[in-house]
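Using the sequences and the hints given, assemble the complete structure.
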Amino acid sequence: MVPGVIYFLTFHYGVFFGNIIAFKDYVPFDGFWGSAWVGGKNFTDLFGDADFWRAALNTVEIACLQLIFFFPAPLALALLLHSLTSNALRRVIQSIVYLPHFMSWVIVVAMAQQVLGATGLFNSALSSAGLHTVDIIGDPDLFKPLTVLQVIWKDCGWGTIIFLAALTQVDDQLYEASAIDGAGPWRRFWHITLPTIRPIILLLLIMKIGDILSVGFEQILLQRDAAGAQAAEIIDTFVYYQGIIGGNYGYGAAAGLFKGVVGAILVFTANRVAHRFGEQGVYK
Amino acid sequence: MPEISRRTLLRSIGVASAAVAAPTLLTSCSTSGSGGSASNRGADLAPWPTYIPKTGPAPDLKGDPKTGVQDAYLTYPDKLTKGTSGVPGDGSTLKVMTVTFGVTPKPEAQNKYWQAMEKALGVKIDFTTVPAADFQSKLATVMAGNDLPDVLNLAGSANIAREGEFIVKTMANLSDFLSGDAIKDYPNLANIPTESWKGVGRFHGGIYGIPIHRPRPVTALWINGTSFEKQGYRLGDSDYSRDDFTEIVSSLTRGKRYGTGASKDNPFGWWAHAQAHGVPNTWSHSNGKFTSYFESDRFEEMLSYLNSLWKKKLYFPESTSISGVDLTTRFYNGTVQSYMGGFSAYLTTLKMVHGFDAMPMTPYAPKGITPANWASKGYFGYTVINKKMSTSKIKMVLRVLDHLASPFGTEEYQRMHYGVEGVHFTYNKDGDPMPTKLGGTENITNLPFYYLCDAPQVLYVPGAQSGIRSLHAWEKQVCPGMVNDASAGLRSATYSTRWATLARGIDDSITAIVTGRQPLSSWGAAAKKFKSGGGGKIAEEYAEEYAANSAK
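Note that the protein sequences, when read in sequence, are chains A and B.
Note that the UniProt record's numbering numbers the first sequence so that position 120 is 120, with each residue one more than the last.
Note that the UniProt record's numbering numbers the second sequence so that position 170 is 170, with each residue one more than the last.
Take the hints with a grain of salt, since some may be wrong.
Claimed, not checked - Chain A stretches covered by chain B per the calculated footprint, using a threshold of three residues with CB under 8 Å from any CB of chain B:
id : stretch
1  : 27-35
2  : 110-118
3  : 131-144
4  : 237-248
Stated by the list, open to error - Under the rule of at most 27 Å between Cα atoms (straight-line distance), these lysine-lysine pairs were calculated in the DSS-like manner:
id : chain 1 : residue 1 : chain 2 : residue 2
5  : A       : Lys41     : B       : Lys529
6  : B       : Lys198    : B       : Lys537
7  : B       : Lys531    : A       : Lys41
8  : B       : Lys230    : B       : Lys351
9  : A       : Lys144    : B       : Lys537
Derived by calculation from the structure, the hints in this document are not laboratory data.
No experiment lies behind these values; they were computed from the predicted model shown.
Quick reminder that beta carbons are idealized off the backbone N, C-alpha and C, glycines included.
Written out as structure tokens, the structure reads:
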């Protein structure tokens, strides 16, 4: 227990204190205490910065796309896997769909470039067939759907794990009984599967909402320049370029803190809404 | 189902935002204080180090120190001289840190190049090499850990917030050792041209940084000379027009080959095209006022030209997304026929290119415009020494740096640049030191001693005679009439905190306009945003600094 407590104190609660630099004009060689206090200046500057709002808007757009298209995908895949009767086949497919999760984003993005890039496989095939090429990677309009597709490809399989575990809790007798009563597959899903795993879905949904503004730093940083900042700057890359690259640590920290606060508010709200509907939510 | 407490959840969200602040917590132990500005306003200015040029071996092609054309050597000197006497070090260990563009070097115990250098210098070198992109965060970490190295090189490309204040607060003032005639104790440092010292500038009146010399040319449009010449290009043509360039680039774009290319490091290689379009160097000065090149009225014309090249699909299609390294690889293998690169890239390019002649291009001239060739600030980066060192230690470090600055044609230069004969290089039939297989991994690229201190550069690459000839001819054409950056050696606090962000904003706008995502008319707003976001303040600070520096 003690090592765990020390771990959390040091690496999780301790660093919270670092958020203090969001209120300072932080300079590394002046140190943590020596840097001047600037009060809310970083925040007033931030809220007046059009680039920040553009990044926030992009983040929200990508988050919504992920919520609509990525969040249900593992559930669908889990149902599909669950319905397989051959255990051996299920294990093989499970292993295959888990694999992409273990690839780093650098590899996934490089593969996407090799296949969909302007000189990639797809466009080479088009041009050798005498057709017009389409620049998928560099098109700002396609950037957001593309990132969501990449996320689905990479993490959909991994996301099935919890759903599959939840699906094993469903009492098979209920399926049999309802089948005898004449319920089709859709009815069985709606009246048996879904109510059983609903708390899990809601739990994951609330967790996802808390984390919603983290839409994938590495993935997007790697592809930001191809699509341009207008479409591809998100809060995390904004923090990176301002804080780490630009050396405006206080300003970057302010943007990061803003993101954390919004995430916290969203979780509390989502949890309260869940309670109102009689669900357990994440915490009581 | 397990219940999660509100706290646990808070933490899982907080981690992301706190991560940015994480390395900073450690700084709480370091000392503090405010002020300490590096501005030269109201400071006593130390005189520049006296320039005492050394005579090296007679060059094959003579340079001209007035215009900045370098001495060029087609063959390696057959008789080496000694650049220093005795061993400079005192047997202690020096912790050093520089930027690197190579790969992680082999550890000292297995690295014969490292060992040979230590033996010659008489010190153990504890070398930390940091990739350029990580330099700023690495430096923040060593500051936080109160673990600054003894000798540090700040590359010009590294953007250190509050750079000047950092130097004044943590690094030693070297004026007593280097200013005026004091530098005579270090004859190889006295051989570094005054322009380079001025480029680094003073910090609150004092001399803190020793420049790593660079020649006048700073960037070049590198071309595949063999294919360009087939299309009628001649180096030195004085009436080489923009239409000629467009025509050559279009006729070279065939199948999987592209007339030109760029990387995300400098969108569309606009630095080269800005020079061709007569856009002045980064900062210009007139009547006590500073203006940035973004305010030039030629900028829009350049953007519209680049947009036309992009629309005609003459750029390598992945130009907005590939890295600088990937771009040069594509230039070496012939996919990309021209690109904007650093002039000093010739040191690698002439070694790497086989099968065609790589050369810098005579800037093309749009109708009615005289190209403005930009001059460098005379240095790559500068080396500073930790304030905590005693006077005798500082003198020892300066002797070590003096040894590293031994000029071309000395034994010291050969060891540092090419390694040990028979181990890292062998002489070819013309007497050029050519790297051995071991020299391919144990070398100055991976263990960059030349970023601690180096001799003034001369034009020489082993076994690259024709390449050196065209470089020299090109320099003779572009160096006279080069335009300086008026901000060289001037301190601006706003520059060091805002420039990286502002320049990125500009690069984003350039990319959007050239690819046609935004109209050309949006450029005015981008330039205005630069000015109001800090560009204007930088100009004011430079003007004040300029006045302070020219007071004496």
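(message) Given the hinted pair Lys198(B) and Lys537(B), is their Cα-Cα distance within 27 Å?
(response) 23 Å, holds
(message) Just to make sure I understand the rule, a stretch counts as covered if three or more of its residues have a C-beta closer than 8 Å to a C-beta of the chain. Does the stretch 131-144 of chain A meet that for chain B?
(response) holds (count 5)
(request) Take a quick look at whether Lys144(A) and Lys537(B) sit within 27 Å of each other, Cα to Cα. (result) 37 Å, violated
(message) Cut-off 8 Å, C-beta pairs, minimum 3 residues; does the coverage of the stretch 27-35 of chain A by chain B stand?
(response) holds (count 9)
(message) Please check whether the stretch 110-118 of chain A has three or more residues whose CB lies within less than 8 Å of a CB on chain B.
(response) Satisfied; 3 residues make the cut.
(request) Three residues minimum, CB to CB under 8 Å: does the stretch 237-248 of chain A make the cut for coverage by chain B? Let me know. (result) holds (count 9)
(message) Does Lys529(B) sit within 27 Å of Lys41(A), going by the straight-line distance between their CA atoms?
(response) Holds, because 20 Å separates the two Cα atoms, which is no more than 27 Å.
(request) Sort out whether Lys41(A) lies within 27 Å of Lys531(B), counting only the CA atoms. (result) 20 Å, holds
(message) Can you confirm whether the C-alpha distance between Lys230(B) and Lys351(B) stays at or below 27 Å?
(response) 23 Å, holds
The structure does not agree with numbered hint 9 stated previously, though it agrees with all others.
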